[in-house]
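*Asks:* Start from chain C and add chain E according to the hints.
Residue-level listing of the chains:
There are 2 protein chains.
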Amino acid sequence: MSDDDRLARVALTWLTEPGTRSVHRLVEQLGAGGALELLLDGGAPEERLRAAVAARGRDGDARAVAADALARAARLGARLVTPTDGEWPATVEHLRRLALPGATRRVDVETAPPLCFWVRGGWPLGDALDRAVSVVGARAATPYGVHVATELGYGLADRDWTVVSGGAFGIDAAAHRGALNAGGLTVAVLACGIDRPYPMGNAALFDRIGEAGLLVSEWPPGAEPLRPRFLVRNRVIAAATRGTVLVEASARSGATQTLNRALAAGRHAMVVPGPVTSAMSVGAHELLREHPSARLVTGVAHVLEEVGRIGADLAPPARAPQRPRDLLDDEATQVLESMPRRGATGVDRLAARAGVDVRTALRKLSLLEELGLVRRRADGYALATGAAPASGT
Amino acid sequence: MSDDDRLARVALTWLTEPGTRSVHRLVEQLGAGGALELLLDGGAPEERLRAAVAARGRDGDARAVAADALARAARLGARLVTPTDGEWPATVEHLRRLALPGATRRVDVETAPPLCFWVRGGWPLGDALDRAVSVVGARAATPYGVHVATELGYGLADRDWTVVSGGAFGIDAAAHRGALNAGGLTVAVLACGIDRPYPMGNAALFDRIGEAGLLVSEWPPGAEPLRPRFLVRNRVIAAATRGTVLVEASARSGATQTLNRALAAGRHAMVVPGPVTSAMSVGAHELLREHPSARLVTGVAHVLEEVGRIGADLAPPARAPQRPRDLLDDEATQVLESMPRRGATGVDRLAARAGVDVRTALRKLSLLEELGLVRRRADGYALATGAAPASGT
Numbered sequence: 001m002s003d004d005d006r007l008a009r010v011a012l013t014w015l016t017e018p019g020t021r022s023v024h025r026l027v028e029q030l031g032a033g034g035a036l037e038l039l040l041d042g043g044a045p046e047e048r049l050r051a052a053v054a055a056r057g058r059d060g061d062a063r064a065v066a067a068d069a070l071a072r073a074a075r076l077g078a079r080l081v082t083p084t085d086g087e088w089p090a091t092v093e094h095l096r097r098l099a100l101p102g103a104t105r106r107v108d109v110e111t112a113p114p115l116c117f118w119v120r121g122g123w124p125l126g127d128a129l130d131r132a133v134s135v136v137g138a139r140a141a142t143p144y145g146v147h148v149a150t151e152l153g154y155g156l157a158d159r160d161w162t163v164v165s166g167g168a169f170g171i172d173a174a175a176h177r178g179a180l181n182a183g184g185l186t187v188a189v190l191a192c193g194i195d196r197p198y199p200m201g202n203a204a205l206f207d208r209i210g211e212a213g214l215l216v217s218e219w220p221p222g223a224e225p226l227r228p229r230f231l232v233r234n235r236v237i238a239a240a241t242r243g244t245v246l247v248e249a250s251a252r253s254g255a256t257q258t259l260n261r262a263l264a265a266g267r268h269a270m271v272v273p274g275p276v277t278s279a280m281s282v283g284a285h286e287l288l289r290e291h292p293s294a295r296l297v298t299g300v301a302h303v304l305e306e307v308g309r310i311g312a313d314l315a316p317p318a319r320a321p322q323r324p325r326d327l328l329d330d331e332a333t334q335v336l337e338s339m340p341r342r343g344a345t346g347v348d349r350l351a352a353r354a355g356v357d358v359r360t361a362l363r364k365l366s367l368l369e370e371l372g373l374v375r376r377r378a379d380g381y382a383l384a385t386g387a388a389p390a391s392g393t
Numbered sequence: 001m002s003d004d005d006r007l008a009r010v011a012l013t014w015l016t017e018p019g020t021r022s023v024h025r026l027v028e029q030l031g032a033g034g035a036l037e038l039l040l041d042g043g044a045p046e047e048r049l050r051a052a053v054a055a056r057g058r059d060g061d062a063r064a065v066a067a068d069a070l071a072r073a074a075r076l077g078a079r080l081v082t083p084t085d086g087e088w089p090a091t092v093e094h095l096r097r098l099a100l101p102g103a104t105r106r107v108d109v110e111t112a113p114p115l116c117f118w119v120r121g122g123w124p125l126g127d128a129l130d131r132a133v134s135v136v137g138a139r140a141a142t143p144y145g146v147h148v149a150t151e152l153g154y155g156l157a158d159r160d161w162t163v164v165s166g167g168a169f170g171i172d173a174a175a176h177r178g179a180l181n182a183g184g185l186t187v188a189v190l191a192c193g194i195d196r197p198y199p200m201g202n203a204a205l206f207d208r209i210g211e212a213g214l215l216v217s218e219w220p221p222g223a224e225p226l227r228p229r230f231l232v233r234n235r236v237i238a239a240a241t242r243g244t245v246l247v248e249a250s251a252r253s254g255a256t257q258t259l260n261r262a263l264a265a266g267r268h269a270m271v272v273p274g275p276v277t278s279a280m281s282v283g284a285h286e287l288l289r290e291h292p293s294a295r296l297v298t299g300v301a302h303v304l305e306e307v308g309r310i311g312a313d314l315a316p317p318a319r320a321p322q323r324p325r326d327l328l329d330d331e332a333t334q335v336l337e338s339m340p341r342r343g344a345t346g347v348d349r350l351a352a353r354a355g356v357d358v359r360t361a362l363r364k365l366s367l368l369e370e371l372g373l374v375r376r377r378a379d380g381y382a383l384a385t386g387a388a389p390a391s392g393t
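If you read the protein sequences in the order shown, they are chains C and E.
Under this note's numbering, the residues of the first sequence are numbered 1 to 393, in order.
Under this note's numbering, the residues of the second sequence are numbered 1 to 393, in order.
To be clear, the hints were calculated from the coordinates, so they are not data collected in a lab.
This structure is a prediction, so every number in the text was calculated from the model and none was measured.
Virtual Cβ for every residue (Gly too), placed ideally from N, Cα, C.
Careful: at least some of the hints might be erroneous.
Computed list of chain E residues with no C-beta within reach of chain C, every gap over 12 Å [to be verified]: (1) 17; (2) 64; (3) 103; (4) 158; (5) 299; (6) 304; (7) 337; (8) 362.
Here's a subset of chain C near chain E, in silico, CB distances under 7 Å, partners left out [to be verified]: (9) 274; (10) 288; (11) 289.
The following block holds chain C by itself, in its conformation from the complex (with noise of 0.2 Å):
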């Protein structure tokens, strides 16, 4: 889409925090240009937004400042991804159907999809996400616990699965430290700016993730790790992978809510037992004892068992081995089914019989024979052997 649309997509990323339902419909109904116009025309449909809008809007102006963000993102060597770019990752548009149970708290409600990433890395976004599994838990974590959680880190990326977590202390640096010992791919989703990752402590890190896999953030260049947002970036850990898997946390701690999340968008919910005299565990037998569904594992092996399998939210991917049929767009594939099933026919009556004109029917029959799903004869265009359309399959 337009640069409009994506320097709106950052204006309004920085008037109303991520995740707001509201704006996310908002957009969806009148795009991120038209949603962008309504609320700095004061046409909120919430008092509360309204009134945050408002707020930010006497801190400068959106439009400027989303300039500013994109140009500053360029001199760092990051990009700004928007759902119309081949690196979104899809899974995270699930989040529009997230409810939580009971939920009441802002953070709770307001799951609604990003509307932009942020990102520094060399790999597309969503092929990074495709094979994805989340690793989080306690900062305050053990010696156990840090031990578990790096051998599940360097096991996933050994097996070409990317490590996603949130770049913090304890749990989360040592998946990533784990990914990237095995020379795998890793993804932090952070809760700033991807100039300023957070915790400073981390940095080290954070430039070898940056170099060997993906910082990614919804909040532009510059913005501050401020609490809430934490819990707001866990919905992307949640949704962004096949499963989450939890090593340590102590009793309601913020990666037993990234559980949770993942759960109610249907994930693989995982967690890793541990001592019951050790305070990091309380959370994880804590969530094992909640939920039913949420799965027991004490290792790769088992976490390779439930990702492996197809979660209930997840776009089944393709289980056949694909045929080139599956690569057709709309008009190839009308053409390819207008073919005669026996004997040849001309251009002209195939752009009728598809519905297209004879320049499209031309350019898709010239893709169709390089497919080697059409041949091409003396007396016209007929099926190669073994083409028959898919509607006579």
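*Replies:* Then chain E, alone, in the frame of chain C:
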């Protein structure tokens, strides 16, 4: 029942290992004496059993061996408990219905109720097992497991629950010790004669249990702790208590088999998790992964939360507050229900309506008067206010 029955049960246990289903069925059909005669006459219904009886028979006269065992037990201050004794634990009769999924091994199939128990210690066996929880686990327990089992034993005993285990090294011993340290009741269910409890290294512990709790075995004094007997014994540990807690277990250990028996018997099956890095927790985690009805517990509070509820196979205790009427025997209830709803009536007429003799009617009326349910008036007996018969409420 008669001394003959008791002697026959001892002889049958000596001739055939405890738990043999066909022997238990014969006892139900013919009585213990009849079953013994049939077996000694070579009439066992299965070839394997016939051979086993014949082999044992060459070692001695079954009745003489049984008489010796009874005499030996008397000298030890031990007693034989059979199903007609008041202290027989009714819960072990549920073993009639126990069926282990996919059972093919002898120890998984031959899980019939015991024919008798040898008991050493002052408490009536049934009373001791009335509010009881089993705590089982690895012999090669880690300090972590020993700590947890000791705490569980202590905590359960402290709350007036009997702690049942197998007297083995490791988890078993820790659970018994915890209970003893709390000044509570603990029962060791042995797989050998109660005069030679195994292992010898726990001799001092067995002495304490024999004084403050109970040593129990299905095998007669002098019986050796043969390896298969431990698994046979485990069905009793599982069935005689409201639930079994597994603390530490390597993969496929005897303790996990006790828990499987608890699950099959409809008892509460509870598992304490541990570090995933410990080989001694592998069996525990396996059970939690494989059995949705096995419950993760981290301490006494969780255990009590489970066993405090009514298990499928347990007689439900009265939920409503007990009223005087609930204490009445059948005759008293009949008399009460025969009272006219209004006005008074004479004893003769009441006795006739209730279908009891006058003497009984008078006795029951005096009880009902005592309980405040009936009033004696000049014109006979009348219901006290608020004491309408149960059928009328």
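*Asks:* Now tell me, hint by hint, if it's right for this structure.
*Replies:* Verification of the hints:
1. With a minimum CB-CB distance of about 36 Å to chain C, residue 17 of chain E clears the 12 Å threshold, and the non-interface call stands.
2. The Cβ of residue 64 of chain E lies farther than 12 Å from every Cβ of chain C, with a closest approach of about 52 Å, so its non-interface assignment holds.
3. In this structure residue 103 of chain E is separated from chain C by more than 12 Å, as the shortest Cβ-Cβ distance comes to about 26 Å.
4. Distance check for residue 158 of chain E against chain C: the nearest CB is about 18 Å away, which clears 12 Å, and the non-interface claim stands.
5. With a minimum CB-CB distance of about 6 Å to chain C, residue 299 of chain E fails to clear the 12 Å threshold, and the non-interface call is violated.
6. Against chain C, the non-interface label of residue 304 of chain E holds: every CB pair exceeds 12 Å, the least being about 14 Å.
7. Annotated as non-interface, residue 337 of chain E keeps its C-beta farther than 12 Å from every C-beta of chain C; the closest such distance is 47 Å.
8. Non-interface status of residue 362 of chain E relative to chain C is upheld: no Cβ of that chain comes within 12 Å, the nearest being about 58 Å off.
9. Satisfaction of the interface hint for residue 274 of chain C is found here, the shortest Cβ-Cβ separation to chain E being roughly 6 Å, below the 7 Å cut-off.
10. At its closest, the beta carbon of residue 288 of chain C sits 5 Å from a beta carbon of chain E; the interface hint therefore holds under the 7 Å criterion.
11. Using the Cβ-Cβ criterion of 7 Å, the hint placing residue 289 of chain C at the interface with chain E is satisfied: the shortest such distance is roughly 5 Å.
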